[in-house]
Structure formats: C-alpha cells, structure tokens
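Make the full structure from the sequences, and use the hints.
The chain contents come next:
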Amino acid sequence: AAGVIQSPRHLIKEKRETATLKCYPIPRHDTVYWYQQGPGQDPQFLISFYEKMQSDKGSIPDRFSAQQFSDYHSELNMSSLELGDSALYFCASSSEREGLYEQYFGPGTRLTVT
Amino acid sequence: KQEVTQIPAALSVPEGENLVLNCSFTDSAIYNLQWFRQDPGKGLTSLLLIQSSQREQTSGRLNASLDKSSGRSTLYIAASQPGDSATYLCAVSGANSKLTFGKGITLSVRP
Chain A
1161 AAGVIQSPRH
1171 LIKEKRETAT
1181 LKCYPIPRHD
1191 TVYWYQQGPG
1201 QDPQFLISFY
1211 EKMQSDKGSI
1221 PDRFSAQQFS
1231 DYHSELNMSS
1241 LELGDSALYF
1251 CASSSEREGL
1261 YEQYFGPGTR
1271 LTVT
Chain B
736 KQEVTQIPAA
746 LSVPEGENLV
756 LNCSFTDSAI
766 YNLQWFRQDP
776 GKGLTSLLLI
786 QSSQREQTSG
796 RLNASLDKSS
806 GRSTLYIAAS
816 QPGDSATYLC
826 AVSGANSKLT
836 FGKGITLSVR
846 P
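Chains as they are written, first to last, in our numbering: chain A, 1161 to 1274; chain B, 736 to 846.
Some clues are possibly wrong.
Claimed, not checked - Coverage of chain B stretches by chain A, computed from C-beta distances (three or more under 8 Å per stretch; other residues unrestricted):
(1) 750–764
(2) 805–817
(3) 827–839
Said to hold, decoys possible - The calculated lysine-lysine pairs, modelled on DSBU-like cross-linking and capped at a C-alpha distance of 30 Å, are:
(4) Lys838(B) / Lys803(B)
(5) Lys1175(A) / Lys803(B)
(6) Lys1217(A) / Lys803(B)
(7) Lys1182(A) / Lys838(B)
(8) Lys1217(A) / Lys838(B)
(9) Lys1182(A) / Lys777(B)
(10) Lys803(B) / Lys1182(A)
(11) Lys1173(A) / Lys777(B)
(12) Lys803(B) / Lys1173(A)
(13) Lys1175(A) / Lys1217(A)
(14) Lys1212(A) / Lys736(B)
Claimed, not checked - So the derived label-pair ranges between C-beta atoms look like this:
(15) Ser843(B) / Ile1172(A): 27 to 35 Å
(16) Ser794(B) / Glu1174(A): 37 to 45 Å
(17) Asp1231(A) / Thr780(B): 21 to 29 Å
(18) Thr1180(A) / Arg845(B): 41 to 49 Å
The set of hints was computed from the structure by calculation and includes no laboratory data. For glycine and all other residues, C-beta sits at the position ideal for the given N, C-alpha and C.
Here you go:
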C-alpha cells in the first residue's frame, strides 16, 4: 500500500539559511499534519491542512510557513534557520472527509543545522 | 492543555512475557487515541487507533483498551519477542485532530 512520502530524507543547512520540506500524502487523503521531534523528545504538532486550507496551528515559529497544494502535497518552508531547528520533521496524513482519523506518518526528514 | 503521561520511561522484559504499557491523559474530551511504535531514528508506525466511543481494539498480539472517563489507556502485548523492542508512544486527539503525544516507553525484550 502507498505510504506518506517525504523529501528530502536528510538535509544539512547552515544557520540563517532556508529549507523546504515536502510531503506527499497517501492517495485520497485530504488532511496533512506537520510535527517536529527534537532529539530525545516526543513529536510536537506544528500545523495542519484540510482540503488545502490551514485547519490548526501549534507551536510553529513565525519563521516557518506551510501550505497544501491542489494535488494535496504540502511544503514546510523554514527560514533564518537556527541550531535549535535541528530535528526530525514528520508529515502525517488522514482522510477526514471519509471519517478515517488514523494518522499515517511518513519516514521523516532529518534536518541538521550547523 | 492536554497532557499525556507514559510511565515508566523504559521497560526491560524477557522474551515470551506478556506485558502492559500504560498511558494517561488529563483531558477526557478526546476524539481518538492512537498507539505508535518508533524504532531509533525512524518514523512512527501506527499500531492501533481507538475512537472515543470504543473500549478496545485488537491487532494480532496487540490489544489496546481505552477508559475515557478515567483518562487511561493500556497497550497489551502478548508473548513479547525481541523484535518488539522499540519505543511505544501514546497520542490523543481532540476535535481539531492534532495529536498530543506522551514521551513514550522504551521497551527492550531480552532473548
């Protein structure tokens, strides 16, 4: 079965640079979530989209922005990167329209800021 | 603010043992509770989802129960195997569907 795809899988950036993370949800899933997992931490919710509209926002820095496109893929844009942004970034998808709320996670993008 | 607690943080058991992992949450107004498995440095694999109207869900050797009124869930693993060694995270969602996670229980099953 198709899973959530994230790219790139690994990313190394320097401080103050920008990064773009991409997420391709499971086909026919309409909702995308972004989570950040710091070293030794539990995943923290950043932002979510339902049918291309932002549906909820968590502890996402103003330096970060995200959107969901017409084909339902999503991108997380991160600017002015800081050392503390180094983390695993997960995307998850679900099908809210079909009442299927189980969230399926992608393999994550490991961002290292040096 | 919803808080999810998983105690203990780590657990080591011999192979073959049946075990129970506990999860508690402070706000009982949840819509769903989901159990995940995470291997070191890897992604999250969904194990079971229990909707708020349900009491339990089963998948193979796994059984998850939910007592919404008391804010508790348990994940029961039967006949544990070394391959079950991983971190198990409990997460709850409310009306907005975002997941709030516990810090996880790192399980080690000794051969």
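Okay, the hints, checked on the actual structure:
Figure legend: the stretch 750–764 of chain B, annotated as covered by chain A; annotation inconsistent (0 residues with Cβ-Cβ distances under 8 Å, at least 3 required). Evaluation of the coverage hint for the stretch 805–817 of chain B: breached, as 0 residues show C-beta separations to chain A shorter than 8 Å, against a requirement of three. Only residues whose beta carbon comes within less than 8 Å of a beta carbon in chain A count, and the stretch 827–839 of chain B has 10; three or more means the coverage holds. Only pairs whose Cα atoms come within 30 Å are accepted, and Lys838(B) paired with Lys803(B) is accepted, the gap being roughly 20 Å.
The hinted pair formed by Lys1175(A) and Lys803(B) fails the criterion: a straight-line CA distance of about 44 Å is larger than 30 Å. Pair hint Lys1217(A) plus Lys803(B) holds up; C-alpha atoms about 25 Å apart against a cutoff of 30 Å. Simply put, Lys1182(A) and Lys838(B) have alpha-carbon atoms about 26 Å apart, close enough for the 30 Å limit, and the pair holds. Our distance criterion of 30 Å between C-alpha atoms is met by Lys1217(A) and Lys838(B), whose separation comes to about 21 Å.
A distance of roughly 17 Å separates the Cα atoms of Lys1182(A) and Lys777(B); the hinted pair therefore holds under the 30 Å criterion. Pair hint Lys803(B) plus Lys1182(A) does not hold up; C-alpha atoms about 36 Å apart against a cutoff of 30 Å. In summary, the hint linking Lys1173(A) to Lys777(B) is supported, as the alpha carbons are separated by about 20 Å, within the 30 Å threshold. Restraint check: the Cα-Cα separation between Lys803(B) and Lys1173(A) comes to about 44 Å, which exceeds 30 Å; the hinted pair is violated.
Taken as a hint, the Lys1175(A) and Lys1217(A) pair is honoured in the structure, with Cα atoms around 25 Å apart against an allowance of 30 Å. Between Lys1212(A) and Lys736(B), the direct Cα distance comes to roughly 27 Å. Compliance with the 30 Å bound is thereby established for this hinted pair. For the hinted restraint 27 to 35 Å between Ser843(B) and Ile1172(A), the CB-CB distance of approximately 31 Å keeps it satisfied. Under the hint 37 to 45 Å, the C-beta atoms of Ser794(B) and Glu1174(A), about 44 Å apart, fit the expected range.
In this structure the supplied range 21 to 29 Å holds for Asp1231(A) paired with Thr780(B), their Cβ-Cβ distance being about 25 Å. Under the hint 41 to 49 Å, the C-beta atoms of Thr1180(A) and Arg845(B), about 43 Å apart, fit the expected range.
When the structure is compared with the earlier hints, violations turn up for hints 1, 2, 5, 10 and 12 and for no others.
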